[in-house]
Amino acid sequence: MQQNLLEIDDLTVRLPEGRAARPILDGVSLSVAAGEMVGLVGESGSGKSVACRSVLGLLPERARTDGEVRVAGRDVLTLSRDGLKELRTRQVSMIFQDPRASVNPMRRVGDFLTEGMRAAGVPAAAATDRAEELLDAVGIRDPRGALRRHPHQFSGGMLQRVVIAAALASRPSLLVADEPTTALDVTTQAEVIAILTRLQAERGTGMLFVTHDLELASAICDRVYVMYAGRIVETQAATDLFDRPRHPYTAGLLACTPRVEPDAAPPRPIPGRPVSLAESPSGCAFAARCAHAQERCSVEKPVLRQYDGQGLAACLRADEGILL
Amino acid sequence: MTTAVDVTALRRRPGLRRLRVFGQGPLFTAAVLLLAALVAVALFAPLLAPYDPDALDLQATLAGSSTDHLLGADQSGRDVLSRLLYGARSGLLGPLVVVALSTLLGILVGVVAAWRGGRVDALLSRSMDLVFSFPGLLVAIMFVAVTGPGMTAPVIAMAVAYTPYVGRLVRSIAQQEKARPYIESYLVQGWSGWTICVRHLLPNIAPTVLAQSAINFGYALMDLAALSFLGFGVQPPTADWGAMINEGEGALLQGAMLPALAPSVCIMLAVVAFSIVGEGIADRVAKRDR
Amino acid sequence: MTRYLLGRLLGLVTVLLITSFLVFSAVHLAPGDPVSFLLKGHPVSPETKAAIRAQYHLDDPFFTQYLKWVGNVLHGDFGRSVQFRHDVGSLIGSRLPSTALLIGYSAVLVCLGGVLAGVLAALRPGAVDRVVLLCTGVATATPPFVSAIVLVSLFSVQLGWFPGPGAAGTGFADRLYHLTLPAVALAVTLTGLLARVTRSAMLDQLGREHVEVARSRGVAEDDVVRRHVLRNALGPIVTVGGTMLAGLLVSTSIVETAFNVSGVGSLLVQSVTVKDFPVVQAITLITVAAFVLVNLVVDLLAPLIDPRLTLTRRGAS
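Residue numbers (our numbering), protein chains in the order written: chain C, 1 to 324; chain X, 1 to 290; chain V, 1 to 317.
Be careful, since some hints might not be right.
[Stated by the list, open to error] Calculated Cβ distances over 12 Å to all of chain V for the following chain C residues:
(1) Pro16
(2) Asp98
(3) Pro269
(4) Ala288
[Stated by the list, open to error] Using C-beta positions, here's what the derived DEER-type ranges look like:
(5) C/Ser155 <-> V/Thr310: 42 to 52 Å
(6) V/Gly93 <-> X/Ser192: 56 to 66 Å
(7) V/Arg124 <-> X/Thr29: 20 to 30 Å
(8) X/Leu96 <-> V/Leu293: 28 to 38 Å
(9) C/Pro123 <-> X/Gly117: 52 to 62 Å
(10) C/Glu133 <-> V/Val13: 50 to 60 Å
(11) V/Arg3 <-> X/Asp129: 14 to 24 Å
These are calculated hints, taken from the structure and not from any lab test.
Glycine included, every Cβ here is placed at the ideal spot set by N, Cα and C.
All chains should be modelled from the sequences, with the hints used to inform the complete structure.
What follows is the structure in structure tokens.
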């Protein structure tokens, strides 16, 4: 079998809190092949941010982990300090949610762009030249002047372009984007997504795109994983997921998105509120909010199983074809 | 030594919101108990003190710690423990007046500035900025230069110097509070601004002001003790911690530690206790607001 | 920018005018005839009295007196010391080097000690943090004269490592050595405060996303701390630290008195004690000027540290 660029294999993360360890992730597995665009969708508190940070070895110091996170075959969780540096400076880059928060406001944009390259050992002049090229590639006018400006002189959308340029600076084989457009206003969102997908395709970079927006994910990704309460509950090719969701949660997410088509049904929100893994009951974590839940759902823990085709879903009733 | 931490100024900078050193819990309780004990000592000094604090006993000059003199005796043979107990009176009274005056004045200025806004606010804020540009201790020393030694002038000077610490704090909270809808609804109902301020605004800002005042108390105690140490405040032979340290410095060089060290420890304990209490209250307020 | 600067300078001048007016009128506010007040406790000949009246222009109307006095002050003429029978300006000038050295020495100690302790506490949570917190908590509650007592009793009486109060050195290194205990005594309170400010500013930055971003890009931890955490914490450190250092200008009089350092601060205390008013006036005016100037410099530094700030508004308020 062809080796994937990223393979998260049965990852479990617990955070010690007081005396008890609070579980964050439970048996999460996902993969990204070279050049593939993969979505990871979930509401806040589902553990998607922790999952994507684990790819860079950015878990809290006291976190306890089981399972493996392999990038190009090497387990990130057991990497030495030098190994981590190698990983972060050359293989994987991350784009964070809010460009205002993720760029140091006190330093010049040029510093921000070249910092990663400098850490990788690129000489200053070469790093500056490359920073200029990258700013040009993400569509920032007057790249040379931009290098000398400070973050507060940029709009949110422009600053996120800078962040994307910085992430590409190390020519990574994998990009992890954690809600890269959530903090932006709607019009700039589309521009940033366009830039991101274009550069990803041009450079053949693998990408793990984390978002709470299932529709966006299925529009731009090849495959999508859906997370709920620290577990993957469904994964399918993006088009299939959109047309035939297997898990009631996925279906719920799709149903609560407003549609513009005239004949569309009005949005239906999922009742209740999302739970974290720590608060979830022993059975299916979604049972309490699920319209199709039966008695056994709150007792028996569903596992990911394959249903016709490629998709996997963790629902006891998925094979009944009750859905949708 | 105008080093009092300006809670307002720190509040304005994100991240300094919680300049917390001491946690709550047992330490807070201990500090409250210590302060209560200090007040009791000040009130009942005549009952507690084994000797007349001013009684000279030349035979006991620079006596070390013994059953007769638990903390020894100073250069004039006066009992250090008794002077320490009596010293709590001037040690607490001065700062008490400073804090009471500056708190009242600060609340008045702060509330009026926030309530009236506009020109009144600008004028009052500028005035507070102006007071801030004078180091309090220096102004107190100036006052002494004019009026001669004694506590009255320095206490008034200090009260004025400490007013902006309270005033700025009150102004900023009152401004936030005033913007809330409930104030508006009272105004619409025809309540007078004065009634709203007294009944609703003040109770809301009281805990924060109390916290700042407790912290100010510690700093005022240090500043006034410094004046007494310099010979400008409480005059000998009256027992006072700052003055005792001044007098004890000579004894120190002759090898007798207690006459100077004992009041030093008292001052430090009192100041630490006041800051623990002040920060503890501020923490509670912060938790309540969250 | 220029407008802001002009505004601030105007503020500085206002403060100095008010101070000079207060300082000047204080003589007249004091009970009794200004001449006898100015010469309180000193036997004087009629000629001296006449000289004083002339020097203070006491026969002129009040406001004219004030203007003439300010005019003299602007020419560096603060009058003559009653106590030392000497020109006030040169008297202060001769004492200034000791005080400047003491304050400079102390400021270095405060900055080094405070920032180091704060950084250490922020980067080593747990035992180290708690110890630093405890020590700085006690330090902030220790007024300089108490530090003086403790330092003298420990390092000059018990251990004999440093000279006791009153001794002064010859030559720069020796003077520095003699000023060590006074400088430490002066520094203790502010070091504690600065350490606390540094610690919370650092902790605030350590929790920020841009720090995690830097880490995610493989930047070495030392560089992350230096370039992002400490760099960004510099704003509050400089602002609060600078304001504190201005406070040294006043507390130096306490320490100089405790250690018998022959400086401007002890001269002020001495002059207040014997009512040598021309000296008190001069030192007060100079101290307030320096105090306001330091605060102005701190405010001007702020936009250099944080590019988001501009010099158009007054401070952060």
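How the hints compare with the structure:
Consistency note on C/Pro16: stated as away from chain V, and its beta-carbon is indeed over 12 Å from all of that chain's, at 14 Å minimum. Here C/Asp98 does not stay apart from chain V, with its beta-carbon only about 7 Å from theirs, under the 12 Å limit. Remark: the non-interface label on C/Pro269 is consistent with the geometry, its nearest Cβ contact in chain V lying 30 Å away (cut-off 12 Å). At roughly 33 Å, the least C-beta separation between C/Ala288 and chain V is larger than 12 Å, which holds for a residue marked as non-interface.
As the Cβ distance of C/Ser155 to V/Thr310 is approximately 18 Å, the hint placing it in 42 to 52 Å is violated. Range check, V/Gly93 to X/Ser192: Cβ separation about 60 Å, and the 56 to 66 Å hint holds. Remark: the range hint 20 to 30 Å for V/Arg124 to X/Thr29 is upheld by a beta-carbon distance near 28 Å. With their beta carbons about 34 Å apart, X/Leu96 and V/Leu293 fall inside the hinted range of 28 to 38 Å.
The given range of 52 to 62 Å is respected by C/Pro123 and X/Gly117, whose C-beta atoms sit roughly 58 Å from each other. One distance hint, 50 to 60 Å for the beta-carbon pair C/Glu133 and V/Val13, holds here, with the actual separation near 53 Å. At about 18 Å, the beta-carbon gap between V/Arg3 and X/Asp129 stays in the expected band of 14 to 24 Å.
The structure shown violates the earlier hints numbered 2 and 5.
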